[in-house]
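J.: So the chains spell out like this:
2 protein chains.
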Amino acid sequence: MTTQQIIEQIKFKKSFLTIGLDVDLEKIPTHLLQVEDPIFEFNKAIIDATHDLAVAYKPNIAFYEAYGIKGWISLKKTINYINEKYPEIFTIADAKRGDIGNTSSMYAKAFFEDLQFDSVTVAPYMGKDSVEPFLAFENKHTIMLALTSNDGAFDFQTLLVNKDQQEKELYKEVLETSKKWKNSENLMYVVGATKAEYFAEIRKIIPDSFLLVPGVGAQGGSLAEVCKYGLNSNIGLLINSSRAIIYASNRTDFAKKAREEALKIKQKMEVILQANL
Amino acid sequence: MTTQQIIEQIKFKKSFLTIGLDVDLEKIPTHLLQVEDPIFEFNKAIIDATHDLAVAYKPNIAFYEAYGIKGWISLKKTINYINEKYPEIFTIADAKRGDIGNTSSMYAKAFFEDLQFDSVTVAPYMGKDSVEPFLAFENKHTIMLALTSNDGAFDFQTLLVNKDQQEKELYKEVLETSKKWKNSENLMYVVGATKAEYFAEIRKIIPDSFLLVPGVGAQGGSLAEVCKYGLNSNIGLLINSSRAIIYASNRTDFAKKAREEALKIKQKMEVILQANL
Numbered sequence: 001m002t003t004q005q006i007i008e009q010i011k012f013k014k015s016f017l018t019i020g021l022d023v024d025l026e027k028i029p030t031h032l033l034q035v036e037d038p039i040f041e042f043n044k045a046i047i048d049a050t051h052d053l054a055v056a057y058k059p060n061i062a063f064y065e066a067y068g069i070k071g072w073i074s075l076k077k078t079i080n081y082i083n084e085k086y087p088e089i090f091t092i093a094d095a096k097r098g099d100i101g102n103t104s105s106m107y108a109k110a111f112f113e114d115l116q117f118d119s120v121t122v123a124p125y126m127g128k129d130s131v132e133p134f135l136a137f138e139n140k141h142t143i144m145l146a147l148t149s150n151d152g153a154f155d156f157q158t159l160l161v162n163k164d165q166q167e168k169e170l171y172k173e174v175l176e177t178s179k180k181w182k183n184s185e186n187l188m189y190v191v192g193a194t195k196a197e198y199f200a201e202i203r204k205i206i207p208d209s210f211l212l213v214p215g216v217g218a219q220g221g222s223l224a225e226v227c228k229y230g231l232n233s234n235i236g237l238l239i240n241s242s243r244a245i246i247y248a249s250n251r252t253d254f255a256k257k258a259r260e261e262a263l264k265i266k267q268k269m270e271v272i273l274q275a276n277l
Numbered sequence: 001m002t003t004q005q006i007i008e009q010i011k012f013k014k015s016f017l018t019i020g021l022d023v024d025l026e027k028i029p030t031h032l033l034q035v036e037d038p039i040f041e042f043n044k045a046i047i048d049a050t051h052d053l054a055v056a057y058k059p060n061i062a063f064y065e066a067y068g069i070k071g072w073i074s075l076k077k078t079i080n081y082i083n084e085k086y087p088e089i090f091t092i093a094d095a096k097r098g099d100i101g102n103t104s105s106m107y108a109k110a111f112f113e114d115l116q117f118d119s120v121t122v123a124p125y126m127g128k129d130s131v132e133p134f135l136a137f138e139n140k141h142t143i144m145l146a147l148t149s150n151d152g153a154f155d156f157q158t159l160l161v162n163k164d165q166q167e168k169e170l171y172k173e174v175l176e177t178s179k180k181w182k183n184s185e186n187l188m189y190v191v192g193a194t195k196a197e198y199f200a201e202i203r204k205i206i207p208d209s210f211l212l213v214p215g216v217g218a219q220g221g222s223l224a225e226v227c228k229y230g231l232n233s234n235i236g237l238l239i240n241s242s243r244a245i246i247y248a249s250n251r252t253d254f255a256k257k258a259r260e261e262a263l264k265i266k267q268k269m270e271v272i273l274q275a276n277l
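Protein chains in written order, with full-length UniProt numbering: chain A, 1 to 277; chain B, 1 to 277.
Here chain A stands alone, though its shape is the one from the complex:
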C-alpha cells in the first residue's frame, strides 16, 4: 500500500484511527472460548463492526506468539481476513523486530511476504543495517520506535547524546540518523501520545513522516494535544487505541460496544480533520 492510498483512505473515512488487536484469552467474552478459534472469531467480529471507522488494524504479535502455533494460526487467519475482505485497510504487525542484516531480512520476509502485512514496527538499537532490510520492500512501511509511551522511555530514549558538537536527546538522534538510510521514504515512526509536548520538536526533524501514536486512551494521552502538535498537511498521524475499544464490553455485545467506542474517537477525529484540512 502506498502512502498516498493511506492518506486517501483517511480523507474518505474522516478517521485516522488504528485499532490494536491485543487479544488476550483472559479478557475476551467467555462465550467465545467455546468456538474453535476464539482469537480469530473475536478479531473478525471487531473488524466487521469497526472497519468503516478505522483506517488500520494493528495486531500486537506478542499476544499471538504467547499461544504458540495456535496463536500464529489465529494471526494468519486475521491478516488474511482483513486483506481479502477489506483490502483498503492498512495493516501493521506490531512486532518491534530488529537484528543483524541477514536476520532482519528474514523478519521482513516473515511479515511482508509470508503474512502479507503492509507494515511492521522495528527497534532502532542495532542501527542502520538492522532496519534497511525492511526498507528495501516497495510499498511496505517500516515503523521505527522513536519515543515510546511507557515509563521506560525515559531510561535511554531521552538521554542527552553528543553528536557533531551538538547535544540532543537520543530519540532525536535516532530520527535524524534514520533519515539518511536507504529508502528512508518507507519509514514511519512510533511516538507515544503520553508526551504530546514532544511532537512539536519531532515535527521539526520529520515534518512529512507518518507517526504511529499509541497511548491515547488506556495509557492516558490526549487526542487533541497530539493533533495540535503532530498533524501535518497530509495528516501524518495514525492514532492507535487497543484496550479501550476491543474490551469495551466482555459480554455478547462486545462488538457493538467496540463500535460505539471507535465511533466516539472517529467523531473527534472528524472534527479535528475538518478544522485542519
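Bear in mind the hints are in silico, worked out from the structure with no lab data behind them. Note that the structure is predicted; figures quoted are calculated from it, not measured. Fair warning: there could be bad hints in the mix.
[Stated by the list, open to error] Below are the SDA-like pairs computed for lysine to any residue, each with C-alpha atoms no more than 20 Å apart in a straight line:
1. B:Lys70 / A:Lys44
2. B:Lys70 / A:His31
3. B:Lys70 / A:Phe40
4. A:Lys44 / A:His31
5. A:Lys70 / B:Lys77
6. B:Lys256 / B:Pro29
7. A:Lys180 / B:Pro29
8. B:Lys70 / A:Lys180
9. B:Lys70 / A:Gly68
[To be verified] What the simulated footprint calls covered on chain B by chain A, stretch by stretch (three residues with Cβ under 8 Å from a Cβ of chain A suffice, anywhere in the stretch; the number is not a length):
10. 127-141
11. 150-162
Here a beta-carbon is modelled for each residue, glycine too, at the ideal position from N, C-alpha and C.
Chain B: place on chain A using the hints.
T.: Chain B only, in chain A's frame:
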C-alpha cells in the same frame, strides 16, 4: 536452568560454545528438502552430532518466522527435542524482543512457558518496564543487547551520553542502568566479538555477568582476544558460532563436517580454560 548449572556444564564439557541454529532452506543440503520437515531434520542431525561439544543452542527466531506456521512447528520440535534428549543443554531463543510491560509479559510467556526456552534475547531501547517482565521468571535468563557485532552498532550504541555529569557510551549506560532493575541477577548481555577491546571496559561494569558473544568466525571476531578480556572467574562467556559450523558442508556429510568445525573451536576453548581456571 540455574547459572550454576551452566557453569558446571562448561567445566564438564570443557567448552563454552553456543551453536546458532540459523536454518535457511536455501543453504541446507538439498537432499533434506525431500523430507517432511527439513528444518527440524537438519537441526536434529546438527544437535546429535555436536551436543557433547556445545553447552548451548541458539535458534535464531527470524529464520523460523520467515516460514510462517511451518517454521514455528519446526522451532517447537527443535526445542522439544533438545529439552527431552539433552536436558543439560542451555537453550537461547534469539528473538530480540521488547515492548511495553503487558506486551513483554506475553513475549516472556511465549518463550519461557509455551516454548520452554531457558533464555531469550531482548532489546533495551524501551527501558526498564520492557525488560523486567522477562526477569520475573525464576531460573530463566534474559540476554539483553549491549554492544552488537554489526556495523550499525556504531549508529547509536557507542554515542556519548551525558548522565549525572558524566559522559559515557550509550551501551555502558545500558549496562549500568540495567543493574538496578528488579531481578537483574537474571540478566546476561549480548556483546559482539568484533569489538574485543571493549570487553575490558565492559567487565569493569558487569564483572560477574555472563556474556553471549556473537561474531566469532563468519563475522571475523577472534576467540583468543575475546577470552583475554572477557573471561571471569566463572568463565562468564558463551561464544556463539552459527554459519561456520552448521554450513560447513552442504552435502550428506553436513553433520560430520559441523562436528569437525565445532570440535576445532571446542579444542581451542579447552586450552583457554586450562590456562585460566
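J.: Are there at least three residues in the stretch 127-141 of chain B whose beta carbon sits under 8 Å from a beta carbon of chain A?
T.: holds (count 5)
J.: CA of Lys70 (chain B) to CA of Lys180 (chain A), is that 20 Å or under?
T.: Violated, at roughly 37 Å.
J.: Take a quick look at whether Lys70 (chain B) and Phe40 (chain A) sit within 20 Å of each other, Cα to Cα.
T.: holds, 19 Å
J.: Does Lys256 (chain B) pair with Pro29 (chain B) here, judged by a C-alpha cut-off of 20 Å?
T.: Measuring from Cα to Cα gives roughly 13 Å; hence the hint holds.
J.: Does the structure keep Lys44 (chain A) and His31 (chain A) at a Cα separation of 20 Å or less?
T.: Holds, at about 15 Å.
J.: Assess, step by step, whether the Cα of Lys180 (chain A) is no farther than 20 Å from the Cα of Pro29 (chain B), and give holds or violated.
T.: violated, 39 Å
J.: Is Lys70 (chain A) close enough to Lys77 (chain B), meaning Cα to Cα at most 20 Å?
T.: Answer holds: Lys70 (chain A) to Lys77 (chain B) is near 15 Å, not above 20 Å.
J.: Tell me if chain A covers the stretch 150-162 of chain B under the three-residue, 8 Å CB rule, please?
T.: Satisfied; 12 residues make the cut.
J.: Given the hint that Lys70 (chain B) pairs with Gly68 (chain A), does the C-alpha gap stay at or below 20 Å?
T.: Holds, at roughly 12 Å.
J.: Would you mind confirming whether the straight-line C-alpha gap from Lys70 (chain B) to Lys44 (chain A) stays at or under 20 Å?
T.: Answer violated: Lys70 (chain B) to Lys44 (chain A) is near 24 Å, above 20 Å.
J.: Quickly compare the C-alpha distance for Lys70 (chain B) and His31 (chain A) to 20 Å and report which way the hint goes.
T.: The hint is violated at about 30 Å.
Comparing the model with each earlier hint shows violations of hints 1, 2, 7, 8; every other hint is respected.
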